[in-house]
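Those protein sequences? They're chains P and X, same order as listed. Everything in the first sequence is counted per this note's numbering, starting at 1 for the first residue and increasing by one. Everything in the second sequence is counted per this note's numbering, starting at 1 for the first residue and increasing by one.
These are computed hints drawn from the structure, not numbers from a lab. Bear in mind that the values here come from a model prediction, so they are computed numbers and not experimental data. Do not take every clue at face value.
Stated by the list, open to error - Computed cross-link-like contacts, PhoX-like style, restricted to lysine-lysine with a CA-CA straight-line distance of at most 20 Å:
1) LYS296(X) to LYS27(P)
2) LYS334(X) to LYS349(X)
3) LYS285(X) to LYS305(P)
4) LYS111(X) to LYS132(X)
5) LYS14(X) to LYS106(P)
6) LYS27(P) to LYS258(X)
7) LYS285(X) to LYS159(P)
8) LYS25(P) to LYS159(P)
9) LYS288(X) to LYS25(P)
10) LYS198(P) to LYS229(P)
11) LYS349(X) to LYS296(X)
12) LYS27(P) to LYS238(X)
13) LYS296(X) to LYS25(P)
14) LYS16(X) to LYS155(P)
15) LYS100(X) to LYS27(P)
16) LYS38(P) to LYS323(X)
17) LYS294(P) to LYS305(P)
18) LYS25(P) to LYS3(P)
19) LYS4(X) to LYS25(X)
20) LYS238(X) to LYS155(P)
21) LYS155(P) to LYS294(P)
22) LYS25(P) to LYS294(X)
23) LYS285(X) to LYS238(X)
24) LYS38(P) to LYS285(X)
25) LYS38(P) to LYS159(P)
26) LYS198(P) to LYS53(X)
27) LYS349(X) to LYS199(X)
28) LYS305(P) to LYS258(X)
29) LYS25(P) to LYS38(P)
30) LYS238(X) to LYS25(P)
31) LYS72(P) to LYS100(X)
32) LYS106(P) to LYS285(X)
This is what each chain is made of:
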Amino acid sequence: MAKLDQGPPNYKEMLPPIIKENYGKWKYHEIPRSGVLKHVSESGAALYSVRVGTPRLVSIDFIRDVCELADKHTDGFLRWTTRNNIEFLVSEEAKVQPLIDELDAKGYAVGGTGAAISNIIHTQGWVHCHTPATDASGVVKAVMDDLYEYFNSMKLPAKLKMGLACCLNMCGSTHCSDIGIVGVHRTPPRIDHEKIRKGTEIPSLVASCPTGAIRPDPKNKSVIVNNDKCMYCGNCYTMSPAMEIYDAKNDGIAILIGGKVSNARSAPSFSRMVIPFLPNNAPRWPETTEAIRKIIELWIANAQKGERIGEWVERIGWEKFFTMAELPFSDMLIDDYIFSRETFRTSAAFKY
Amino acid sequence: MTEKKTPLLDELEKGKWPSFVSEIKRAAVRTEAAAELLQVLERSYVERRGHWKHGGIVGVRGYGGGVIGRYVDEPQTYPALAEFHTIRINQPSGFFYNTKTLRTICDLWEKHGSGMTNMHGSTGDIILLGCKTEHIQPIFDDYSDAGFDLGGSGSCLRTTNTCVGPGRCEFACYDTLEACYNITNEFMDELHRPMWPYKSKIKFSGCSNDCTGSIARADCSVIGTWRDTLRIDQAAVKEYAAEGFDIQGLVCAKCPTKCLTFDSATQELSVVGEDCTRCMHCINKMPKAIQAGKEKGATILIGGKSTIVQSAFMSWVIVPFMKMDPEDDFAEFKDFMRRIWEWWDENGKTRERIGETIYRVGMGKFLRETEIAPVPQMVFRPRANPYVFWNQDDLDTSSVEL
Numbered sequence: 001m002a003k004l005d006q007g008p009p010n011y012k013e014m015l016p017p018i019i020k021e022n023y024g025k026w027k028y029h030e031i032p033r034s035g036v037l038k039h040v041s042e043s044g045a046a047l048y049s050v051r052v053g054t055p056r057l058v059s060i061d062f063i064r065d066v067c068e069l070a071d072k073h074t075d076g077f078l079r080w081t082t083r084n085n086i087e088f089l090v091s092e093e094a095k096v097q098p099l100i101d102e103l104d105a106k107g108y109a110v111g112g113t114g115a116a117i118s119n120i121i122h123t124q125g126w127v128h129c130h131t132p133a134t135d136a137s138g139v140v141k142a143v144m145d146d147l148y149e150y151f152n153s154m155k156l157p158a159k160l161k162m163g164l165a166c167c168l169n170m171c172g173s174t175h176c177s178d179i180g181i182v183g184v185h186r187t188p189p190r191i192d193h194e195k196i197r198k199g200t201e202i203p204s205l206v207a208s209c210p211t212g213a214i215r216p217d218p219k220n221k222s223v224i225v226n227n228d229k230c231m232y233c234g235n236c237y238t239m240s241p242a243m244e245i246y247d248a249k250n251d252g253i254a255i256l257i258g259g260k261v262s263n264a265r266s267a268p269s270f271s272r273m274v275i276p277f278l279p280n281n282a283p284r285w286p287e288t289t290e291a292i293r294k295i296i297e298l299w300i301a302n303a304q305k306g307e308r309i310g311e312w313v314e315r316i317g318w319e320k321f322f323t324m325a326e327l328p329f330s331d332m333l334i335d336d337y338i339f340s341r342e343t344f345r346t347s348a349a350f351k352y
Numbered sequence: 001m002t003e004k005k006t007p008l009l010d011e012l013e014k015g016k017w018p019s020f021v022s023e024i025k026r027a028a029v030r031t032e033a034a035a036e037l038l039q040v041l042e043r044s045y046v047e048r049r050g051h052w053k054h055g056g057i058v059g060v061r062g063y064g065g066g067v068i069g070r071y072v073d074e075p076q077t078y079p080a081l082a083e084f085h086t087i088r089i090n091q092p093s094g095f096f097y098n099t100k101t102l103r104t105i106c107d108l109w110e111k112h113g114s115g116m117t118n119m120h121g122s123t124g125d126i127i128l129l130g131c132k133t134e135h136i137q138p139i140f141d142d143y144s145d146a147g148f149d150l151g152g153s154g155s156c157l158r159t160t161n162t163c164v165g166p167g168r169c170e171f172a173c174y175d176t177l178e179a180c181y182n183i184t185n186e187f188m189d190e191l192h193r194p195m196w197p198y199k200s201k202i203k204f205s206g207c208s209n210d211c212t213g214s215i216a217r218a219d220c221s222v223i224g225t226w227r228d229t230l231r232i233d234q235a236a237v238k239e240y241a242a243e244g245f246d247i248q249g250l251v252c253a254k255c256p257t258k259c260l261t262f263d264s265a266t267q268e269l270s271v272v273g274e275d276c277t278r279c280m281h282c283i284n285k286m287p288k289a290i291q292a293g294k295e296k297g298a299t300i301l302i303g304g305k306s307t308i309v310q311s312a313f314m315s316w317v318i319v320p321f322m323k324m325d326p327e328d329d330f331a332e333f334k335d336f337m338r339r340i341w342e343w344w345d346e347n348g349k350t351r352e353r354i355g356e357t358i359y360r361v362g363m364g365k366f367l368r369e370t371e372i373a374p375v376p377q378m379v380f381r382p383r384a385n386p387y388v389f390w391n392q393d394d395l396d397t398s399s400v401e402l
């Protein structure tokens, strides 16, 4: 009989001795090289964390491999980061290089520190979710392969965080990332009236629509969708299996930029849409990787030192960004939802 | 094991970034489920659509959540994926592990499941990806015996998450790891037995760098801060200057309130403490010279969520400063959460996040009913329109003729 409500394992039992001894007494840190953090405590003790990228979707063989490395180099202690990287926790400087050598030899991706592109926070996609408009793992792999040089170096103007969500539920961090990749539909749901009659709670289905495009059809014991008011968010499908919305020919990806969560310098901000649609060109999504690279290279060439993408664009102005990026501006990028007016330019100050 | 070709996915074994396709192939050597997962995914790549059926309600005895049911849409073609459920296991604070624990996770999953995992889900859980319905209870029993518990799913308190905190960060303003562990254990019932209008998440960040993204990814964002003045080590400032670090350009000029002054003659850095908004920029740039103040605690912000339904919200300030004290068992925070959840449970509509409920009924009503005093720190700026609600009972009605 399982024990109920015992909660997570106690983290204290899995902290390496150097962390137990210096808990809450860290004085400062340095980044000696890409992928390595050095934390120095008030006692003078130094902890080295060696950061390694992962695909997040991993087999138990991967975890066992990593355990073998940790047993050999870090007395069996390691952690994951909030961006799904692994950090080997090394308590002696002499053990850092042998670990890195072995990681390099085995093809692990060492990096993700400082002014770099770290791992992409992403979701389930076609691997396990029922509402996606694109895949997650595949797009992430394609983008990270393309931008790998920025993962294992620290040559960007500032750090760059990316998020990918396979639908508008936007699980993860897409809405608050420097670059957000979001799966989007472009066609309304297809109603299966028989399925609705069998097992859908119609009031909840009606209430799930952000634009009020769905209304009950009591005569038919089903619902009616006003296609003119539908913007294909797919939330009705989340509520009811009768509202299938995937459309292989028209589903794809939108790109948002300029979000951040840290409070450093400027307030946390949402990412903003700059490309409304790119096709699902599996397995490499070349249109997506190319668009992202172009934006990043423009930012590298033009941002001041320390400027996140959003801070750079806000300084130069979005109109200038669109010119520089040679991205078409369309009415699809002008907000027409609840909080839209705040995004209009209520000022005569702008650049031509 | 069925040998079938996967030309599109094979492309994704090339390149320098670690490949998830190689990972599925490794698991496919052991389990038919992983082998078929590869086939379904290849088909999705060809057809550009998913192949998972809608929803699915499965679980374990005693809990209302923790397992995400999933079924493939063609069970005859992919019998090993006819049932392919995800189990969420509550991760340890800060994702700290030893290899013994990780091996236990692997051994149990090898016994029961597909061999595939997510390390970790976006909310924080260890994700065990793919098992049959009949295995769910034995899986839970085994993991439970090994000291693990399920994470959250559904309209409940979801698994809480934290940054690395005092475990390895000099910026941490409270013990995020202990707060996460302690508070998760306090609210086990709320986590395992969904009873609310919708999901509710808490994330703990030790400072306003917000390494968990709490402000955007949690209904309650607990962000470490301090109430007194920055501490500056002038000798260390001089060392930065001596190394040629541009203190004026990269630190003072970027300060959002311009409260830092660098005197290039004396090479001293000074701060107008009461003007600092604790954004962390100067500390980030000069960690050896600048430290947070001594009087530490957290700012509590409420309302963060993603797009659906009313747009994405960032959490906003409700309590500017709260002590986060392990000594008193985080009593003030727990009392606060109970009050606001109770209010939301009464007032929230079905599938309405707390941020949307507050937005719909108004901050004024929310604050009055939860007995939280309004303060200017809650807003960027006051309202511009004059459409103010007054409580009619508070007005002088002595001379009004009806």
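Status of the hints after comparison with the structure:
1. LYS296(X) to LYS27(P): holds (16 Å)
2. LYS334(X) to LYS349(X): Between LYS334(X) and LYS349(X) the Cα gap is close to 23 Å, so the pair fails against 20 Å, i.e. violated.
3. LYS285(X) to LYS305(P): holds (12 Å)
4. LYS111(X) to LYS132(X): It holds: about 12 Å lies between the C-alpha atoms, which stays within 20 Å.
5. LYS14(X) to LYS106(P): Holds, at about 15 Å.
6. LYS27(P) to LYS258(X): violated (26 Å)
7. LYS285(X) to LYS159(P): Roughly 13 Å between the alpha carbons, so the hint for LYS285(X) and LYS159(P) holds.
8. LYS25(P) to LYS159(P): Given pair LYS25(P), LYS159(P) is violated - Cα atoms ~26 Å apart, limit 20 Å.
9. LYS288(X) to LYS25(P): holds (14 Å)
10. LYS198(P) to LYS229(P): Given pair LYS198(P), LYS229(P) is violated - Cα atoms ~26 Å apart, limit 20 Å.
11. LYS349(X) to LYS296(X): violated (36 Å)
12. LYS27(P) to LYS238(X): holds (18 Å)
13. LYS296(X) to LYS25(P): Since the Cα atoms of LYS296(X) and LYS25(P) sit roughly 14 Å apart, the hinted pair holds (cutoff 20 Å).
14. LYS16(X) to LYS155(P): Measuring from Cα to Cα gives roughly 19 Å; hence the hint holds.
15. LYS100(X) to LYS27(P): Cα-Cα ~30 Å, so violated.
16. LYS38(P) to LYS323(X): Not satisfied, since the Cα-Cα distance of roughly 29 Å exceeds 20 Å.
17. LYS294(P) to LYS305(P): Within the cut-off at roughly 19 Å; holds.
18. LYS25(P) to LYS3(P): This hinted pair is violated, its Cα atoms lying about 36 Å apart.
19. LYS4(X) to LYS25(X): holds (12 Å)
20. LYS238(X) to LYS155(P): violated (26 Å)
21. LYS155(P) to LYS294(P): holds (16 Å)
22. LYS25(P) to LYS294(X): Distance ~13 Å between LYS25(P) and LYS294(X) Cα, so the pair holds.
23. LYS285(X) to LYS238(X): holds (14 Å)
24. LYS38(P) to LYS285(X): Roughly 15 Å separates the two Cα atoms, so the pair holds.
25. LYS38(P) to LYS159(P): With a Cα-Cα distance of about 18 Å, the restraint between LYS38(P) and LYS159(P) holds, given a limit of 20 Å.
26. LYS198(P) to LYS53(X): Between LYS198(P) and LYS53(X) the Cα gap is close to 16 Å, so the pair holds against 20 Å.
27. LYS349(X) to LYS199(X): Distance ~12 Å between LYS349(X) and LYS199(X) Cα, so the pair holds.
28. LYS305(P) to LYS258(X): The hint holds at about 18 Å.
29. LYS25(P) to LYS38(P): Satisfied, since the Cα-Cα distance of roughly 14 Å is no more than 20 Å.
30. LYS238(X) to LYS25(P): violated (23 Å)
31. LYS72(P) to LYS100(X): holds (13 Å)
32. LYS106(P) to LYS285(X): violated (34 Å)
Comparing the model with each numbered hint stated earlier shows that hints 2, 6, 8, 10, 11, 15, 16, 18, 20, 30 and 32 do not hold.
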